[in-house]
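*Asks:* Top line first, the protein sequences correspond to chains B and X. Position 6 of the first sequence, counted from 1, bears residue number 6 in my numbering, the numbering being contiguous throughout. Just add 1000 to wherever you are in the second sequence, counting from 1, and you've got my numbering.
Hints are computed from structural coordinates only; laboratory data are not their basis. Built from N, CA and C at the ideal position, the CB exists for glycine as well. Please note that a few of the clues may not be correct.
Derived contacts from chain X toward chain B, CB cut-off under 10 Å, selection only [what the hints assert, rightly or not]:
#1 1147
#2 1163
#3 1168
#4 1181
#5 1226
#6 1228
#7 1230
#8 1244
#9 1281
#10 1290
#11 1296
#12 1313
Chain residues, written in single-letter form:
Protein chains: 2
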Amino acid sequence: MLIPFEKLKSEFKRVLLSLNFEEGDAEQSATIFAENSRDGVYTHGLNRFPTFVQYVKDGLIIPNVRPTKEGGFGAIEQWDGHLGAGTLNATFCMDRAINLANENGIGCVAIKNTNHWMRGGTYGWQAAEAGMIGICFTNTIANMPPWGGIDARLGNNPLIIAVPRKDGHVVLDMAISQYSFGKLNLYKSKNEQLPLPGGYDKDGNLTTDPAAIIESLRPLPIGFWKGSGLSLVLDLLATVLSQGRSTADVTDGGSESGVSQVFICIKPNAGVRTEMIIETILDYTKSSRPEGEGKEILYPGENTLRTREKSLKEGVWVDEKIWAKVTQL
Amino acid sequence: MLIPFEKLKSEFKRVLLSLNFEEGDAEQSATIFAENSRDGVYTHGLNRFPTFVQYVKDGLIIPNVRPTKEGGFGAIEQWDGHLGAGTLNATFCMDRAINLANENGIGCVAIKNTNHWMRGGTYGWQAAEAGMIGICFTNTIANMPPWGGIDARLGNNPLIIAVPRKDGHVVLDMAISQYSFGKLNLYKSKNEQLPLPGGYDKDGNLTTDPAAIIESLRPLPIGFWKGSGLSLVLDLLATVLSQGRSTADVTDGGSESGVSQVFICIKPNAGVRTEMIIETILDYTKSSRPEGEGKEILYPGENTLRTREKSLKEGVWVDEKIWAKVTQL
Chain B
1 MLIPFEKLKS EFKRVLLSLN FEEGDAEQSA TIFAENSRDG VYTHGLNRFP
51 TFVQYVKDGL IIPNVRPTKE GGFGAIEQWD GHLGAGTLNA TFCMDRAINL
101 ANENGIGCVA IKNTNHWMRG GTYGWQAAEA GMIGICFTNT IANMPPWGGI
151 DARLGNNPLI IAVPRKDGHV VLDMAISQYS FGKLNLYKSK NEQLPLPGGY
201 DKDGNLTTDP AAIIESLRPL PIGFWKGSGL SLVLDLLATV LSQGRSTADV
251 TDGGSESGVS QVFICIKPNA GVRTEMIIET ILDYTKSSRP EGEGKEILYP
301 GENTLRTREK SLKEGVWVDE KIWAKVTQL
Chain X
1001 MLIPFEKLKS EFKRVLLSLN FEEGDAEQSA TIFAENSRDG VYTHGLNRFP
1051 TFVQYVKDGL IIPNVRPTKE GGFGAIEQWD GHLGAGTLNA TFCMDRAINL
1101 ANENGIGCVA IKNTNHWMRG GTYGWQAAEA GMIGICFTNT IANMPPWGGI
1151 DARLGNNPLI IAVPRKDGHV VLDMAISQYS FGKLNLYKSK NEQLPLPGGY
1201 DKDGNLTTDP AAIIESLRPL PIGFWKGSGL SLVLDLLATV LSQGRSTADV
1251 TDGGSESGVS QVFICIKPNA GVRTEMIIET ILDYTKSSRP EGEGKEILYP
1301 GENTLRTREK SLKEGVWVDE KIWAKVTQL
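One chain only, chain B, in its complex shape:
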C-alpha cells in the first residue's frame, strides 16, 4: 500500500520519541528512515525500522549520546560514536567531512563504536547536496566467506561514492556482496531464481538458486576474488582509521553493533567546465546500444531520483504487515 511521506515520517518520529530520543534526534532519524523508503530502499527504511527499535530496547543503540572527538591531525579526525544511532552519527560525520573539505580541499572522518547507518547512500546524497564528492564505507558483521574459504569472515561492507551534479547527483551505493541475504530471501519467498549467479550451493557449485545459497551461507563477493579483497581492505581502512572494532570484533560480539566507518569529502572545481565533463561522461555511457528491447542504461542514482519523484507524488510504498506492526509500536 501507499502512504504519504509525511505520515511515514511522523509515525517513525512518534515511535522514536516514545523510546526517549530527543526531539531533534527523533526528527532527523525519522526523516532518514522515511527518505530511505521514499527512495525505494525499503530494506533500510520501513522494513528495518522494527529491528532498529529492538536494538534500542536491547541497549545496543543508545539514544541521545553525542559523538566525541578522540583525535585528529590536519584534515583527518577520529570520533567515538558511543553506540548512538548510526543514522545520526553518520550524518554528523559526513557533515564534519564536508567542513574539513571546505577548509582543506579534502577531509576524512573516521568513527568507532557506531551503529548500522541503514542506507549508506543517505550520506552520499548529503555530501553531494553540499557540492562535495563524498566517499564513505562501513564494516559489518561477517556475512560472506573470503575467496577460497567456506566460512563467513568478511562483511559486505557497503561502499558509497557520490559526485554532485546539477540535474541529479551520481550516487553509487553498493554492498560488496553480489546479493544481500535480504535479496536472497526475497527471491526465495517468491520461488524465483536469481537473474545471475549469486553464490555457491553446499557442493561448491555456482548457483542462481537463492535457497541453496542461504543453506550454504556462501554468497558471492562482487567479482569473486576481487570483491573478497576489496571487502578486506575496506575493513582494514575503517578499523585502522577509527581505531575501532573490525568485522572480526563485531562478529565476535554476536550482534552487529559498534561498527567502524569512514567518511571522506573532496571539494571539486565548481563551474561550467566540471558540469560539462560530467554530462559528457554520462551521455557517452548512455550511448552504448541497449542489449535488448526495453533495456536502459542508467547511471548510479538515476533510478533513485525517479522512485523519489513517484513516491512524493503517489505515496511511499510500504509492506502492509510491517506498516501495521510499526503503527502499533
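Position chain X relative to chain B; hints supplied.
*Replies:* Below, chain X without anything else, positioned relative to chain B:
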C-alpha cells in the same frame, strides 16, 4: 626462461636511454618495468615494454617532460603530466600525495594528460613503503560495455588500495573488468575455459569461453551492474578532479594516451595497536576453512611478495620471444 632482476632492469634502461630518456628517468622507469615482472605482473612488465617503446616512437609518450602544477587548495592539487611516461608521472604524484598527507593527514593529487602507469600496484607499494594508506585509480580507453549495453563505453579503470604492514603490505590492485583482454587472450591461446564466467557471447549468454568474449567485445564488469557503476564513478572522479580527459575523450582520440589519474594518501596512526588491528583482521580472514584440498586464503599482495622473493632468488621469468625482441631494440 629466468633472467636476473638486474639484467632485466639494465636492458630496459639501455633501451630507454636510446630513446633519449635522461639518465635518472631511464633508471626509474626501467626499475618499475623490471619490478613489475619481478612481482609476477608480466603483462605490465616485460610484456608491455615493446608497446611502451612504440608509444614513445609514435610521440604518444614524451620523454623528459616534467609535470606542472595547475592548481591546488589545501591538501588537494591538480597537475598536468604533459604526456610524459605514466610510470614517472604516477611516481611523482604519489610522492606529492605522501607529502601532502604528512603535512595534512590526508592528501589528494589529480593529474591530467598522463599515460598508462603500467601496474597500478606499483604506486600502492610506494605509499605503503612510506607508511601511508594509498588509494589510486586511473581511467582508460573504453573496453567494457556499461550494464545493460553492448558497446564498450567504460574503461576497466584499475583501483588500488594499499595498507602499510610490517610483515608485508596489503595491496589490492584490481581492474574493474573481471578478466582483462590480456587474460582472455592467454586462456584462448591455451585453448582453456575461464574458471568463472567472464563475459557474454554474441547471443548474450554468460560464458566462460574466452574466444566468445573476445568476439562479442562484452567482458563483464566485476559484480555485473555494480562494477559498471564503479567504473563510471571512478572515471567521473579522475576527470573532474584532474579537469582532464575522460574515458570518452581518450577513446575518441583513438589511442590510450592522455589519461587522468587520482592519488590519495592517508596517514594512519602508527604503533602497536594499529599493527595488532591489521594482524587480527588478516588472521580472522584466514581462519575460514579452505574450500578444498590445497586451497589457501590469501590477502591482497601476499602472492606478490612470494613471487618477488622467488624472482630475486631464482631469476625473473620472461617470455623468451618478447625478451629476444627487447634485447634487439
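*Asks:* Should the interface hint for residue 1296 of chain X be scored as holding, given a Cβ-Cβ cut-off of 10 Å against chain B?
*Replies:* 6 Å, holds
*Asks:* Would the hint on residue 1228 of chain X be counted as holding, given a Cβ-Cβ threshold of 10 Å to chain B?
*Replies:* 9 Å, holds
*Asks:* Any CB of chain B closer than 10 Å to the CB of residue 1230 of chain X?
*Replies:* At about 6 Å, which falls below the 10 Å cut-off, the nearest Cβ of chain B leaves the hint on residue 1230 of chain X intact, so it holds.
*Asks:* Return the status of the interface hint for residue 1181 of chain X: holds when the least beta-carbon distance to chain B is below 10 Å, violated otherwise.
*Replies:* 16 Å, violated
*Asks:* Just to be careful: measuring from the Cβ of residue 1290 of chain X to every Cβ in chain B, is the smallest value less than 10 Å?
*Replies:* 6 Å, holds
*Asks:* Double-check residue 1163 of chain X for me: the hint is only fine if its C-beta lies closer than 10 Å to a C-beta in chain B.
*Replies:* 5 Å, holds
*Asks:* Answer holds if the nearest beta-carbon of chain B is closer than 10 Å to that of residue 1226 of chain X; otherwise answer violated.
*Replies:* Check passed: Cβ of residue 1226 of chain X comes within 5 Å of chain B, closer than 10 Å.
*Asks:* Would the hint on residue 1147 of chain X be counted as holding, given a Cβ-Cβ threshold of 10 Å to chain B?
*Replies:* 7 Å, holds
*Asks:* Residue 1281 of chain X was flagged as interface toward chain B. Is the shortest Cβ-Cβ separation under 10 Å?
*Replies:* With a closest approach of 5 Å, the residue 1281 of chain X hint holds.
*Asks:* Under 10 Å, Cβ to Cβ, is where residue 1313 of chain X needs to be relative to chain B, so tell me if that hint holds or is violated.
*Replies:* At about 26 Å, which exceeds the 10 Å cut-off, the nearest Cβ of chain B leaves the hint on residue 1313 of chain X violated.
*Asks:* Holds or violated: is there a CB of chain B closer than 10 Å to the CB of residue 1244 of chain X?
*Replies:* Check passed: Cβ of residue 1244 of chain X comes within 9 Å of chain B, closer than 10 Å.
*Asks:* Quick one, is the residue 1168 of chain X hint okay against chain B at 10 Å, beta carbons?
*Replies:* 13 Å, violated
In summary, the numbered hints that this structure violates are 3, 4 and 12.
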